[in-house]
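Engineer: Just so you know, the protein sequences line up as chains A and B, in that order.
Residue 632 is where the first sequence ends in the working numbering, and the numbering goes up by one at each step.
Residue 632 is where the second sequence ends in the working numbering, and the numbering goes up by one at each step.
Hints should not be assumed to be uniformly reliable.
Where chains are identical, the list cannot tell them apart; a pair therefore holds if satisfied intra-copy or between any two copies.
Cut-off 35 Å, straight-line C-alpha distance, at most; resulting in silico cross-link-like pairs (DSBU-like, lysine-lysine) [said to hold, decoys possible]:
no.	residue 1	residue 2
1	K313	K236
2	K331	K248
3	K339	K248
4	K551	K339
5	K567	K248
6	K236	K339
7	K556	K331
8	K248	K401
Read the hints as simulated data drawn from the structure, not as lab findings.
Protein chains: 2
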Amino acid sequence: MNAGDTIVAAATPFGYSGVAVIRLSGPGVSRLLEQTTGRTSYKNRVATLSDLLSKTGETIDRSLVTFFASPRSYTGEDLAEISTHGNPSIVNEVLSLLIGLGARQADPGEFTYRAFINGKMDLVQAEAVASLVGSKSKENTRIQQKIISGDLSILLNRIRSELLDLLSALEHQMDISEEDLDLEYINQLEKRVHRIQNDVDSLLGTFKMGQLFNSGVSLVLSGPPNVGKSSLFNLIANDDRAIVSDQPGTTRDVIDLEILLSGVPVRIYDTAGIRGAENSVEKEGVYRAIQKRQSADIVLSVYDSPNAIPQHAERDENIIYILNKTDTHKANVGNGVIHISCKDGSGINTLLIKIKEKIGVEKISTDLTYLSTKRQFSALTDCSRFLGAAATLCLNRASDLEIISYELREAAGSLDVLLGKTTAEDIINNIFNNLCVGK
Amino acid sequence: MNAGDTIVAAATPFGYSGVAVIRLSGPGVSRLLEQTTGRTSYKNRVATLSDLLSKTGETIDRSLVTFFASPRSYTGEDLAEISTHGNPSIVNEVLSLLIGLGARQADPGEFTYRAFINGKMDLVQAEAVASLVGSKSKENTRIQQKIISGDLSILLNRIRSELLDLLSALEHQMDISEEDLDLEYINQLEKRVHRIQNDVDSLLGTFKMGQLFNSGVSLVLSGPPNVGKSSLFNLIANDDRAIVSDQPGTTRDVIDLEILLSGVPVRIYDTAGIRGAENSVEKEGVYRAIQKRQSADIVLSVYDSPNAIPQHAERDENIIYILNKTDTHKANVGNGVIHISCKDGSGINTLLIKIKEKIGVEKISTDLTYLSTKRQFSALTDCSRFLGAAATLCLNRASDLEIISYELREAAGSLDVLLGKTTAEDIINNIFNNLCVGK
Numbered sequence: 194m195n196a197g198d199t200i201v202a203a204a205t206p207f208g209y210s211g212v213a214v215i216r217l218s219g220p221g222v223s224r225l226l227e228q229t230t231g232r233t234s235y236k237n238r239v240a241t242l243s244d245l246l247s248k249t250g251e252t253i254d255r256s257l258v259t260f261f262a263s264p265r266s267y268t269g270e271d272l273a274e275i276s277t278h279g280n281p282s283i284v285n286e287v288l289s290l291l292i293g294l295g296a297r298q299a300d301p302g303e304f305t306y307r308a309f310i311n312g313k314m315d316l317v318q319a320e321a322v323a324s325l326v327g328s329k330s331k332e333n334t335r336i337q338q339k340i341i342s343g344d345l346s347i348l349l350n351r352i353r354s355e356l357l358d359l360l361s362a363l364e365h366q367m368d369i370s371e372e373d374l375d376l377e378y379i380n381q382l383e384k385r386v387h388r389i390q391n392d393v394d395s396l397l398g399t400f401k402m403g404q405l406f407n408s409g410v411s412l413v414l415s416g417p418p419n420v421g422k423s424s425l426f427n428l429i430a431n432d433d434r435a436i437v438s439d440q441p442g443t444t445r446d447v448i449d450l451e452i453l454l455s456g457v458p459v460r461i462y463d464t465a466g467i468r469g470a471e472n473s474v475e476k477e478g479v480y481r482a483i484q485k486r487q488s489a490d491i492v493l494s495v496y497d498s499p500n501a502i503p504q505h506a507e508r509d510e511n512i513i514y515i516l517n518k519t520d521t522h523k524a525n526v527g528n529g530v531i532h533i534s535c536k537d538g539s540g541i542n543t544l545l546i547k548i549k550e551k552i553g554v555e556k557i558s559t560d561l562t563y564l565s566t567k568r569q570f571s572a573l574t575d576c577s578r579f580l581g582a583a584a585t586l587c588l589n590r591a592s593d594l595e596i597i598s599y600e601l602r603e604a605a606g607s608l609d610v611l612l613g614k615t616t617a618e619d620i621i622n623n624i625f626n627n628l629c630v631g632k
Numbered sequence: 194m195n196a197g198d199t200i201v202a203a204a205t206p207f208g209y210s211g212v213a214v215i216r217l218s219g220p221g222v223s224r225l226l227e228q229t230t231g232r233t234s235y236k237n238r239v240a241t242l243s244d245l246l247s248k249t250g251e252t253i254d255r256s257l258v259t260f261f262a263s264p265r266s267y268t269g270e271d272l273a274e275i276s277t278h279g280n281p282s283i284v285n286e287v288l289s290l291l292i293g294l295g296a297r298q299a300d301p302g303e304f305t306y307r308a309f310i311n312g313k314m315d316l317v318q319a320e321a322v323a324s325l326v327g328s329k330s331k332e333n334t335r336i337q338q339k340i341i342s343g344d345l346s347i348l349l350n351r352i353r354s355e356l357l358d359l360l361s362a363l364e365h366q367m368d369i370s371e372e373d374l375d376l377e378y379i380n381q382l383e384k385r386v387h388r389i390q391n392d393v394d395s396l397l398g399t400f401k402m403g404q405l406f407n408s409g410v411s412l413v414l415s416g417p418p419n420v421g422k423s424s425l426f427n428l429i430a431n432d433d434r435a436i437v438s439d440q441p442g443t444t445r446d447v448i449d450l451e452i453l454l455s456g457v458p459v460r461i462y463d464t465a466g467i468r469g470a471e472n473s474v475e476k477e478g479v480y481r482a483i484q485k486r487q488s489a490d491i492v493l494s495v496y497d498s499p500n501a502i503p504q505h506a507e508r509d510e511n512i513i514y515i516l517n518k519t520d521t522h523k524a525n526v527g528n529g530v531i532h533i534s535c536k537d538g539s540g541i542n543t544l545l546i547k548i549k550e551k552i553g554v555e556k557i558s559t560d561l562t563y564l565s566t567k568r569q570f571s572a573l574t575d576c577s578r579f580l581g582a583a584a585t586l587c588l589n590r591a592s593d594l595e596i597i598s599y600e601l602r603e604a605a606g607s608l609d610v611l612l613g614k615t616t617a618e619d620i621i622n623n624i625f626n627n628l629c630v631g632k
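Chain A with its partners taken away, still in its complex shape (with noise of 0.2 Å):
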């Protein structure tokens, strides 16, 4: 992704409707739109019709112009957005035109790396901007809008600037007492250090309920043939009114569709009833659903029969074992089993219940910010470990002050790449990339 240059993009999704929106960013905006429009300047941020005209001079559309001026845009450059009619074929002889002219197709994420690139927000904003874009519950969306607010921000830099105070007292205490450690300073030291690493720890802490509410679990039906796996697929299907989507398989066998509980995307895998299959199609069909059950967070594991359940199922942690059929035979397992029927629906209520306590999905708390991306927490894993590195020295009186500073250096550099103050190119561009064009 280069700056510099002037980029558009259609801002909404491909179809026929009321509106469609285009955005152009950069030095050239002004210049675009008089080139389009014949107006020599927009008021700011002032909503203007304005006829969009092809190069003959004819009326594409009669459109909404708005212009909004650097640095007080989205990306901090100028920025123009295009409200045309919704229809696919007068957005593409718009964004046509506009590259005809010398825009830049932009490239996924772009106008947000620009906003990034022009200090609109930092690295971790960024990311929350991606996440809100694809949320698929309020849930995620009130994270990942705290996040993009500064709320986890603000957390990640009063850290990072506790830590360099500390680290330019450090340097300091380096200079004046080069030979005799001051035991005292040592354990002061250690203590403030502990201090950070418990704020930083109580921020992962919060990684496994952000990352439920952003990713979502995967929970996969398995179990022997005609045992009624695809009666409880569609049962927990309807029985949910909240579907997200459902889509095709994309394997022979395993089918999926998203179901929200709670607030957690589910998406849920019907899989080929397993056994020793006789054909080649349907043994592909077993050997995928057994994958899918070694992958998932949690197997629904369904029999019709009591006799066939494994002793001691309660002992699995990711499994709910299922008892089908129940209102042909009255059979009376315990050890944790849901009794189901899916030919009267009886069951189903408890079983997901079951499902929510295995997820271990709780409220969120509006006072927390949760970490939800793997980057953010492997970042802040390192950062805990290079402070707990940091201490542990201390307690054993180390007495070369260098190798504490260099702990200290490194946790706080794990914070920089968080925050992009010094990130790879390759994981900055993977950030935006995850990002739709027009965002």
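The hints should help you fit chain B onto chain A, whose structure is shown.
Structural biologist: Relative to chain A, chain B alone:
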């Protein structure tokens, strides 16, 4: 549809994208904005960064809110456009919030309906908004844009006022000369009526082309099994880069996709080979193939043997006879039969030219305004018929001016229906229901 209350809808397609736009129109817009953003007033037409707050005061999203004061808005009422992050869960939450505060989910086309009710556009313009949003080509976009900007309305209103002038002169004539028929007056009247009818008829003459661009044509591949229909289907699909959309068939054996030929949307249907089928599934396929063939605008009748092609093939107006597999047999069949080879691609360009010729598409003229809906055509056909009847009465020296006046009033009435000055409720509803929600 009820005017008077405040309506709300998403104006952009459902999906994950940079931006989503929510529209709000009616007397409650200011109150609703205050209740959701806390801001008591918005500057007219200025895009203002605002936090949308849930009932409990949490930020749902940081959005751009633009307020358009009545009457200078799309609907003529107070209107707001709320531009949020392009995320369905945010859009749904904002819609729920606004509906909870008293807004009503808009019906399809209701924003444009309000523009019509409030005199911002007539029915012909409103109809063109629907056609524009659904437009699949640059050419049709141009045609509809001209109608929206008022070109057709100006023409129709000019014709209408000429008619009304004529009518009031006629009424005057009826007052002053109740008894004796003024032949010179009748001659003049006939000429003027005829001139108006000519104007109407030349508009009617634009319908074929206008409808072609607006509705497109259907093209059905037909023929015995295994002559290469599906290969040809794929070749045409790949040959034309301007594929608008392709979707899996709704019926078992008919699959279709849409391409643009010279700006005309051409939907191509591949059908089952026609033969005495053995099993019931194939029988159904053959039945559907025959049905499709009968309803097609143009049939591509494909053969792989020269002897199978009917005599006098050139006489069928809407059929193009095609001899495939000419790479293997070098037959020489005349009579307008197109020789192709799906294997080496020869003859495909000739075929495409022939298809364009059959469609009869001409380059659209920027001087003309085109009728493009059946409603427009049928109202103007009525108008022309009434004018013709009036002219005939004049030529026959009808002694009763009253009956001439009746025909002219009917002609004017057709124009009123067309422009929506007097139009039945169900016709109006039908026009607006063709639009999407949020427009």
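Engineer: None of the hints should be skipped; say for each whether it holds.
Structural biologist: Results for each hint:
Both within a single protomer and between protomers do K313 and K236 lie at most 35 Å apart by alpha-carbon distance, with minima of 22 Å and 25 Å respectively. Taking CA atoms no more than 35 Å apart as the test, K331 paired with K248 passes between copies only; the shortest distance there is 13 Å, against 45 Å inside one copy. Only between protomers do K339 and K248 lie at most 35 Å apart by alpha-carbon distance; the minimum there is 17 Å, versus 45 Å within a single protomer. With identical chains, the CA atoms of K551 and K339 are at most 35 Å apart within one copy only, with a shortest distance of 27 Å there and 61 Å across copies.
Proximity of K567 to K248 under the C-alpha cut-off of 35 Å is restricted to the inter-copy arrangement: shortest distance 32 Å between copies versus 48 Å within a copy. Taking the closest pair of Cα atoms, K236 and K339 come within 35 Å of each other both inside a single copy (32 Å) and across two copies (27 Å). For a Cα distance limit of 35 Å, the shortest separation of K556 from K331 inside one copy, 12 Å, qualifies, whereas the shortest one across copies, 51 Å, does not. In this assembly of identical chains, the alpha carbons of K248 and K401 lie at most 35 Å apart only when taken from different copies (28 Å versus 55 Å within one copy).
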